[in-house]
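**Student:** Numbering (this note's numbering), first residue to last: 8 to 126.
Be a bit skeptical, because a hint or two may be false.
Restricting the straight-line Cα-Cα distance to at most 25 angstroms, the calculated cross-link-like pairs of lysine-lysine (DSS-like) are [claimed, not checked]: (1) K97 - K118; (2) K97 - K112; (3) K118 - K84.
Please keep in mind that the hints were generated in silico from the structure rather than gathered at the bench.
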Amino acid sequence: MATDYPGLLLLSCNDALRAYVDLVLSERGIPVRHFDLAREGLFWLLDHTPRYVLLDQNLDVDPFAVAARIRHVRRLKEVPLAVLIEPTEKLRTTAEVVRVMAIEKPLTRDKLFRFLGLG
8 MATDYPGLLL LSCNDALRAY VDLVLSERGI PVRHFDLARE GLFWLLDHTP RYVLLDQNLD
68 VDPFAVAARI RHVRRLKEVP LAVLIEPTEK LRTTAEVVRV MAIEKPLTRD KLFRFLGLG
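My request is simple: use the sequences and hints to build the entire structure.
**Tutor:** Here you go:
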């Protein structure tokens, strides 16, 4: 049985993004678990159910494929999931087709809090 994780799972190899998300969410007491590689994050998800999942467009594999895979797990269907993307129509359309929220770069405190339902 998977353990509930009260925070955000962030899959990104971008150190600056990880540091920013850690800083912003630590102010609200929300823990962040991050992995550089999608595969590591997917293995972690076998045993954990995070409150939120955020994927960076610049993952080591296609973030939309990772999102689709996460969405196919019944236990994770209701977990809010977003992909952080460059502001292009193609990527917005892809996010729509995969049925994940798209958050356009650059990530701001307001965008992050809106995704988390905090603002």
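**Student:** Looking back at the hints listed earlier, which ones does the structure fail to meet?
**Tutor:** none
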